[in-house]
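Protein chains in written order, with this note's numbering: chain A, 1006 to 1780; chain B, 1006 to 1780.
One should not assume that every hint holds.
In this list, chains with the same sequence are indistinguishable; a pair is considered to hold if it fits within one copy or across any two.
[As the list claims (entries may be wrong)] Derived DSSO-like pairs: lysine-lysine, alpha-carbon spacing no greater than 30 Å straight-line:
no.	residue 1	residue 2
1	1650	1721
2	1505	1459
3	1170	1059
4	1031	1756
5	1226	1762
6	1084	1066
Derived by calculation from the structure, the hints in this document are not laboratory data.
Okay, here's what each chain looks like letter by letter:
2 protein chains.
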Amino acid sequence: MKKTLFILICLTASLLATAFANEPIKLQSPDKQLELSFELRDGVPYYALNRAGKPVVLPSKMGFILEWRDDLKDHFVLKETKYSTFDSTFDETWEPVWGEEAKIRNHYNELLVTLEQPVGSVASMDHSTETRATIMQVRFRLYDDGLGFRYEFPIPNALACFWFKEELTEFAMAGNHKAWWIPGDYDTQEYNYTESRLSEIPALWEASHEGGGWPWTPFSKTGVQTALQMKTDDGLYLNIHEAATVDFPTMHLDLIVDSLNPSSYTFRSWLCPDAAGYKGRLNTPCHTPWRTVMVCTSATEVLASRLILNLNEPCAIEDVSWIHPVKYMGVWWEMISDKNCWSYTNDFPSVQVGRTDYAKATPHGRHAANNDNVRRYIDFAAQHGFDALLIEGWNIGWEDWYGKQKECVFDFLTPYPDFDLPALNKYAHQKGIRLIMHHETSASTVNYERWMEKAYNLMNQYGYNAVKSGYVGTIIPYAEGHYSQPINNHYHYAITEAAKHRIMVNAHEAVRPTGLCRTWPNMIGNESAMGTEFRGRIKPGHTTILPFTRLQGGPMDYTPGIFETDMGKIVSWDQGNRMQHTICNQLGLYVTFYSPLQMAADFPEHYEPFMDAFQFIKDVAVDWDKSLYLEAEPGAYIVTARHPKLATLNKAAEGIGTLKDGKKGVISNATKFVYALPDDASIEDLWHTEPHDVWYVGGITDENAREVTVKLDFLKPGVTYEATIYADADNADGIPGESYNPQAYTITRQKVTAKSKLKIKMARCGGFAVSLRSL
Amino acid sequence: MKKTLFILICLTASLLATAFANEPIKLQSPDKQLELSFELRDGVPYYALNRAGKPVVLPSKMGFILEWRDDLKDHFVLKETKYSTFDSTFDETWEPVWGEEAKIRNHYNELLVTLEQPVGSVASMDHSTETRATIMQVRFRLYDDGLGFRYEFPIPNALACFWFKEELTEFAMAGNHKAWWIPGDYDTQEYNYTESRLSEIPALWEASHEGGGWPWTPFSKTGVQTALQMKTDDGLYLNIHEAATVDFPTMHLDLIVDSLNPSSYTFRSWLCPDAAGYKGRLNTPCHTPWRTVMVCTSATEVLASRLILNLNEPCAIEDVSWIHPVKYMGVWWEMISDKNCWSYTNDFPSVQVGRTDYAKATPHGRHAANNDNVRRYIDFAAQHGFDALLIEGWNIGWEDWYGKQKECVFDFLTPYPDFDLPALNKYAHQKGIRLIMHHETSASTVNYERWMEKAYNLMNQYGYNAVKSGYVGTIIPYAEGHYSQPINNHYHYAITEAAKHRIMVNAHEAVRPTGLCRTWPNMIGNESAMGTEFRGRIKPGHTTILPFTRLQGGPMDYTPGIFETDMGKIVSWDQGNRMQHTICNQLGLYVTFYSPLQMAADFPEHYEPFMDAFQFIKDVAVDWDKSLYLEAEPGAYIVTARHPKLATLNKAAEGIGTLKDGKKGVISNATKFVYALPDDASIEDLWHTEPHDVWYVGGITDENAREVTVKLDFLKPGVTYEATIYADADNADGIPGESYNPQAYTITRQKVTAKSKLKIKMARCGGFAVSLRSL
């Protein structure tokens, strides 16, 4: 990863506090459209944000309530104002290890405000004879597309170790905006979104839980989660989130209902407490995560924003050669659909890992992760150019894993008797497939950390380079939530320890990401939202909202690609559970839904009748040098075009080659990466000249059918491309009912140029996909 | 370790439940003095215990309150009664790795009662259509000196995973006994004992906290801790405790104050809850720890009882050759007394391990664990035949470690700049001294577990074979207590992981032991009571109570040997803090207070004026093949005689020898173990013929001076011994005041035989010690 640092010059403008005590301090975005102002009113810090002179965030309070000592909310005086400047601008371009584009510009103006509670103005925790002032700084970074600010606590400082009881940061919205929100919760983000005016949040809050995940732990009947996407009546797209949440609890937002001022729409930060009720424990020198307010003039700008990534620290991993985007299949949907099980036997109502003897157990015959079935998936995945295969239910303990808050459920080491771990890895590697390890922790971070080193070592021993981890259930340590500071620390620990083992991590049920994948690109995915596994409970339009919300923090392992949408065809008890999407909607997701980790989640036998449509999943890339957000509206539709980062191979078949050193190498058709057998080789060792220029376009829609016109003006001028268009058939319909017809599609080919436009119809809950290849 | 299993034959006496439904089931101790009876009254289980026909425990309820399902307290029917018998007796003799005697007899009669809640009699958690009965068994083991019983939950069973809200086990005392107790607490056992009638507990409970430890978390104003020592008006010594507490919370006792029945003295089990409020989470098959009621006819019988050890499982470590008793000194009292510090600098009010740069720090000059000082201790310890030296404050983080509930305080790896870990170990090993590692966890089990493997590896790398761990402060995970099931699991995890590294553990502030050192003899010590560090706050007689209470579960690292009792002589601010003991009291402790880990805790310079008295500490052994409890009364005095387990070397000087393989070996003068340099060698490789028979006798008293007569009839008949008697001088006095004179002693020698008696006077808070050596 190279960084191009254009400028980083800081000038200090130390100004007498008195000079500014009564007038706001200002900061403008590079394009001068956004203006941040900061002021102290009677010692209380306030910030506000305008765009083009109109308020976006009205003057909003800042600060914290502390335990044991006086709060960080008032009695402040302004000590210093500092701009980092080269014409007040920081401007660099950096290259992510993987992403939606090859280069990302990080361009902002910065202001650092130093506030002080003078000695004696407040009480201190440690010493009644404290002689140091209490110092709190606020660092503002203003981008063209939004604001980030964080609190910093430098040393020397009267603050050393301090605990938050509440964060007071407010976000006073300037109007009763439309919002797409999920209810605030300490344990799950697995909710459908509710679209409403801000004023309607209290009335709709109860209903917003319908169909959601478990366990759920709401905290306030006006609480919502971030990223919170809003739209003003003026057509601005606002988004409140946070960036770089490390050693800190997750921020939710609570709408302050003020009966005296019913037309105020102010959110206040609501941090997830730890088991003892504290909302953050800090030690100076330190800072909070960034609180962010994105301000865009169109929906597509939101999708193009890199605000969250930019506010994170640069990559902390020196050698990133082992980090690869992955297209994969899984022995997984069989369990989700209840066709088969994670478990192996019915013999054990109670399992004690290390004591329960599976050698003597009678198999119940529905264990999906058995040798034969895994080989079947390996064969299919290899035949169709996938990189990897996830296998869940490979390890003992699943008979008694769920909802019991057992400290130790799994050891992450011991396979079931019918899962031959060494042999299956060998078989997979021979076919160019890596197996993806699965570590379901049953939310016992205590137990997972005890086994983690051994588990990662096992992975290294057999050549696993990626793990899907899971945190299903009530967190252990007891009384912690999924998003408290200690548990956020656990997720981070798991990532950083994995990096030492050169392991990529895809954590499910963990905290929703805040851009940390910039710093730790081995965090290749996360779930942290309602994914495909919710099946018929997913509302139309869900996947048109997630890129505005959940995906702002990092990629999601949404597990798309479900071609057989009628669950009742898989298991008789699930009659009537039909998913609200068409096959072309699923194809569209591979482009509209950015992830370096993309799954084809359905059974091989569900793809086999539709191999012509499946071809798009085989073809589409998972890493990009350019992404164009052509049209979008949250909750309605998205049309995206992307250009693969790496040259695409000429034909799918050429999967095997010879590396420079004479070793045999496997070339991933899906990701175009090269894997040596048995050792990894540098990508550069074997790369093919690319004769074709390739683009992929995808579109999805909500419950409304619609026609879109895709202008192909992003293609190379003067070059003719062949477009392969996967579109909903005229009679396709993704909404269960009499006309439900999710598997009807057409595949057409036509020659196009940069001057061409494609008119494409999407059915209700439908979508489309287009492959473009230069001739 | 050899075991002699005389008999283990079980006969099943399956009896029709109806036959016993209305009459108690009986079990007698091998000597037929104790009789246990069990019965169901209207489906509620009761047990009772008599001695010689008189009640010791009146009929007492048993059972549990469960979460989510009907309780295990009534609706029971008796399904089966099973005696394990050879004439109903189990009788084996086993050899502890270390202990008070070389062989321990485990001799009991056993009864297993199987109770059932029939299908439909109660509701089940998992399935309304549950077809299995709920089964709870109670296993009783009756010894001549007491009762142990535990609950067992076999499979198949309607119970699979279940949570306790309360344990209902009662201990209905038959009278208003005298008791020695400390207040119930989830976080500390560091209390002085209160001596009172049971009826006085409520009134004295508040005062019982005076001078105790921190943090303290009481739960009931009638709660007390175990082991609870009592004495009846008939002269029986009763003791309630528990044995083999694994994967279970610690049991406290709550005195039920029944205004309708003021003369009832019933305790009920009060388990330490986890952070979510549950008091135990079990998965079948499983069992609780043993609940124990010791019944002795004299105080010395209590000291001789092996009830708790016997109820634990046999040694789980195959090769125990690396486990050695240890006599040690420490760079420790300097910090306790505040002469010097654990910390290194005043530069850092806040420390962040991994970020804070100590290389640039200015030393404050009071760091005790510096190279020069450590070498001084090594020299002294080596010169006087000690095995080991503990050094606290060697690792970074102490500037900011205490009371802040920081998740990560220490990394257990990084020494202070002035502590040269490799060089000091090399220096120590050359002199036959092992350094004892120190791991203060600041009660963050989360952080300790993250570093544990690396920390143990560091110890292995440099030849540490023992660690003192500490759990000072509020437990992390937050809202857990020191004695909850998850935290008890942590202590156990630390022990078992240490065993893999051949590391002995001495855990301070951990849960008070319950005999687990039988199973894990690398658990060489524990604190878990008020130790020497409390200095002037320790009440007279404290050490005469601990062998009846705290030591019943396993040895304590009491850290005796404080010769300079006036703290004001060390630091001026501590004027008036004078410890209540004489030098001879301290000498007596090395015999009355059993521990395989004995410290000479004071400074070298405090021993130097008293080297003639210090000679006893040098001479006394720390492992025994025979222990005789000559006289004792809790809270008053103890006189004990012990015979070393291993032959004593002829002269202290012969510390260096040559092993069979030609390597140089160090012979510990204190423990008589042989250490090869650099590798351990078998003890058997180099053992000297022992020309002398040796005994040690020790005595201690409370605030009352007293004269004892020690009959030497335990000596070999017809053999003459030289007795060296260390006794309080006539004007010695251990109680601060005008006559305070703690350092006055006499050392006399005389020839004695088995027919001799020694009359020895002990001053107030005094004691004595005698070395006996055959001529």
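### Message
Within, between, both or neither: how does the pair residue 1170, residue 1059 come out at a Cα-Cα threshold of 30 Å?
### Response
neither (34 Å within a copy, 58 Å between copies)
**Item:** Intra- versus inter-subunit Cα pairing at 30 Å for residue 1226 with residue 1762
**Value:** Result: close neither inside a copy nor across copies, 47 Å intra and 81 Å inter.
Cα distance capped at 30 Å. Does residue 1031 pair with residue 1756 within a copy, between copies, both, or neither? neither (53 Å within a copy, 95 Å between copies)
query = Checking residue 1505 and residue 1459: alpha-carbon separation at most 30 Å within a copy, between copies, both or neither?
reply = both (13 Å within a copy, 14 Å between copies)
Treating 30 Å as the Cα threshold, decide for residue 1084 and residue 1066: within, between, both or neither.
within (18 Å within a copy, 68 Å between copies)
### Alpha-carbon proximity context of residue 1650 and residue 1721, limit 30 Å
within (16 Å within a copy, 90 Å between copies)
Violated hints, in rising order: 3, 4 and 5; the structure is consistent with all others.
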